[in-house]
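S.K.: Residue numbers (numbering that gives the first Met the number 0), protein chains in the order written: chain U, 0 to 372; chain P, 0 to 86.
Bear in mind the hints are in silico, worked out from the structure with no lab data behind them.
There's no promise every hint is true.
Capping the alpha-carbon separation at 16 Å, the derived lysine to aspartate or glutamate pairs in EDC-like fashion look like this [claimed, not checked]:
| # | chain 1 | residue 1 | chain 2 | residue 2 |
| --- | --- | --- | --- | --- |
| 1 | P | 41 | U | 94 |
| 2 | U | 78 | P | 62 |
| 3 | U | 85 | P | 49 |
| 4 | U | 78 | P | 68 |
| 5 | U | 85 | P | 47 |
Quick look at which bits of chain P chain U covers, simulated, 3 or more residues with Cβ under 8 Å [stated by the list, open to error]:
| # | segment |
| --- | --- |
| 6 | 20-30 |
| 7 | 33-45 |
What follows is a list of derived Cβ distance ranges for each label pair [unchecked claim]:
| # | chain 1 | residue 1 | chain 2 | residue 2 | range |
| --- | --- | --- | --- | --- | --- |
| 8 | U | 153 | P | 14 | 31 to 41 Å |
| 9 | P | 0 | U | 284 | 51 to 61 Å |
| 10 | P | 58 | U | 284 | 34 to 44 Å |
| 11 | U | 183 | P | 50 | 29 to 39 Å |
Positions of the beta carbon are idealized from the N, C-alpha and C atoms, including for glycine.
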Amino acid sequence: MAQAIQLLVGTRKGAWIYRSDTGREAWSVEGPMFLGQIVNHFVRDPRDARTLLMAASTGHLGPTILRSTDGGATWIEAKRPPAFPKGDPHGRSVDHSFWLEPGHADEPGVWWAGVSPPGLFRSADGGDTWDSVEGLNQHPRVMDWFPPEGGTPDGAILNQVLVDPRDARHMYLATCSAGVLETTDQGASWRPLNQNVRCDFLPDPYPEFGQDSHFVALAPTDPDRLWQQNHCGIYRLDRPGERWDRIGEQMPKDVGDIGFTIVPHARDRDTAWVWPMDGTEVWPRTSPGGRPAAYRTRDGGASWERQDRGFPTEQGWFTVKRQAFCADRADPLGLYIGTTGGEIWMSGDEGESWRQIAAHLPEIYSVVAVEAA
Amino acid sequence: MIRVSIPSQLIAYTDGATRVEAEGATVGGVLDDLDRRYPGLKFRVIDEQDRIRRHMRIFLGQDEARRVDAPVRDGGELLIFGALSGG
Chain U
0 MAQAIQLLVG TRKGAWIYRS DTGREAWSVE GPMFLGQIVN HFVRDPRDAR
50 TLLMAASTGH LGPTILRSTD GGATWIEAKR PPAFPKGDPH GRSVDHSFWL
100 EPGHADEPGV WWAGVSPPGL FRSADGGDTW DSVEGLNQHP RVMDWFPPEG
150 GTPDGAILNQ VLVDPRDARH MYLATCSAGV LETTDQGASW RPLNQNVRCD
200 FLPDPYPEFG QDSHFVALAP TDPDRLWQQN HCGIYRLDRP GERWDRIGEQ
250 MPKDVGDIGF TIVPHARDRD TAWVWPMDGT EVWPRTSPGG RPAAYRTRDG
300 GASWERQDRG FPTEQGWFTV KRQAFCADRA DPLGLYIGTT GGEIWMSGDE
350 GESWRQIAAH LPEIYSVVAV EAA
Chain P
0 MIRVSIPSQL IAYTDGATRV EAEGATVGGV LDDLDRRYPG LKFRVIDEQD
50 RIRRHMRIFL GQDEARRVDA PVRDGGELLI FGALSGG
C-alpha cells in the first residue's frame, strides 16, 4: 500500500526530517534543526503520532531531551532531563542520553531512556521529567555489569530499551558491557540473558555477562523471537528459550558476522537484515573490502543473501551505526540506512536495490522511519 | 548583584543576552538564580553531582572557579565559557 514516509535523522551535528511522497520516490528535507547539537536518537511516539523526542547534547553543554508535541513545529526542553540522584553512591552523572523508547501502548506518556554511563530512566509525562530506575541503577551488581571504563570510545552505554508489546512489565535492555538484561517486573529486578553469546575479548568466552550487545530487535509479529547483532556475531533467541543461536555462522567467511545493527521484517518473523562491518585485526569498522552491502535472511538465519545493487562496487568505506538502519511497514517494505559518511540510502523493494536519497550530512547516528501523520 | 557573562552556547536560554545580572553568594547560588529565570541553563553547566562540566569553565574575575561552593563577591563578575571540546 502506498504510504508517505518521514525519516527522523539524528546526526553528530543536528537533526533533519526527510519526507517522501506516497510512492517513496521524491523526498523533501527540513532542517537542520538544532544545528551543532549531538543527536543520538530522534523518535516519534507511535501512540499519538505527534510527540517527538530528541536525545541531545553538545561538545560543551550537558545533556538534555528536546520535545515537540506538535509534530516538530515547535520544540521545548525537558523540565528535568535524565540525571542520577544527587549523592549517587557511585558518583555518576549523565554524559548523554543514547536511546529513547516509547512505553507500552497501554501506558500513554511513559517513556524510557538509556544513557551513558549506563543507566535507565523513566518518564511518565511524555518526556518532560525523568526519574532514575533504581532497580537497575542501584542494583547490587551494577558496577560489575557497568564498570566505569567498560565502554565504547564515546563512553559506556545502555544502548537500547525494548518493551514487550504484550506485557508492559516485561522488558529487555541491550548494553555494551553486560549484554542483554531482562526484567519481568518493569525494572524492579534484572537478570542477564546471554547464554551462548560469545565474548572473545574476555578470558571466559561465554560469561554470564560482559557481552557487548550492539542491537536487539523483537520480531514485530512474534515478540518471542529476538534478533541480536552482537560485537561478536549475529544471534537469534526464541523465547521461552534461554540459549542464543549464532546464526551469523552462515554468513560468508570473507564478510563475517560483525556489525552494529539488525532489522527484522515488519510482517515475516523469519526475515531480517544486517549491515556487516569489518571486525578483523584492528577493527576498521568499515564496509568489508570497501564494498557496502546489506545481507538478508529469509529463513531465520539458516542462510543469508547479499544485497548490494546500487551501492558502490569499490572504495565504499562507510558503515552504519546502531540506530541508523530501519524499515518502514509498507508493502513492499522499505529499508533505510544512514551512514557514517553522512549519506542516506533507501530500498523500496526489500533490499533488492538501493539508491542514495541524501548526502553531505554530518555523521549519522540514527534514522527512524515513521508513516506520515 | 553579580554581573554574569553568558557564552554563545547558552544564549538560547537568555533570549540572546550575553550579559545578565544575578544574585548569589557562591557559584552554585548564582547558577541557581540564573536557572530560576532561564530554566534548564544550570544543568547544562553543572552536573547532578554539582561538578562543573568538563568542557565548561567558570571564572570569578580573572580567577577560575573549580567548585560550585566557591564564594562570589557582591558586585563581582562571573564569566561562563565554553572551553575546547573537539571537532
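S.K.: Hint by hint, note whether the structure agrees.
M.R.: Hint-by-hint comparison with the structure:
Between residue 41 of chain P and residue 94 of chain U the alpha-carbon distance is near 15 Å, which keeps this suggested pair within the 16 Å criterion. With a C-alpha separation of about 32 Å, the suggested pair residue 78 of chain U and residue 62 of chain P falls outside the 16 Å cut-off, and the hint is violated. A threshold of 16 Å between alpha carbons decides the hint, and for residue 85 of chain U with residue 49 of chain P the separation of about 8 Å falls inside it, so the pair holds. Using a Cα cut-off of 16 Å, the hinted pair residue 78 of chain U and residue 68 of chain P is violated, with the two alpha carbons roughly 24 Å apart.
For the proposed pair residue 85 of chain U and residue 47 of chain P, the alpha carbon gap of about 6 Å is at most 16 Å, so the pair holds. Beta-carbon proximity to chain U at under 8 Å applies to 0 residues in the segment 20-30 of chain P; the threshold of 3 is not reached and the given coverage is violated. Coverage of the segment 33-45 of chain P by chain U holds. Counting CB-CB distances below 8 Å, 6 residues qualify, and the rule asks for three or more. A hinted range of 31 to 41 Å for the beta carbons of residue 153 of chain U and residue 14 of chain P is consistent with their spacing of about 32 Å.
Distance hint check for residue 0 of chain P and residue 284 of chain U: the Cβ-Cβ separation is about 53 Å, which falls inside the suggested range of 51 to 61 Å. Checked against the hint of 34 to 44 Å, the C-beta distance between residue 58 of chain P and residue 284 of chain U comes to roughly 40 Å, which is consistent with it. The supplied range of 29 to 39 Å is met by residue 183 of chain U and residue 50 of chain P, whose beta-carbon atoms lie about 36 Å from each other.
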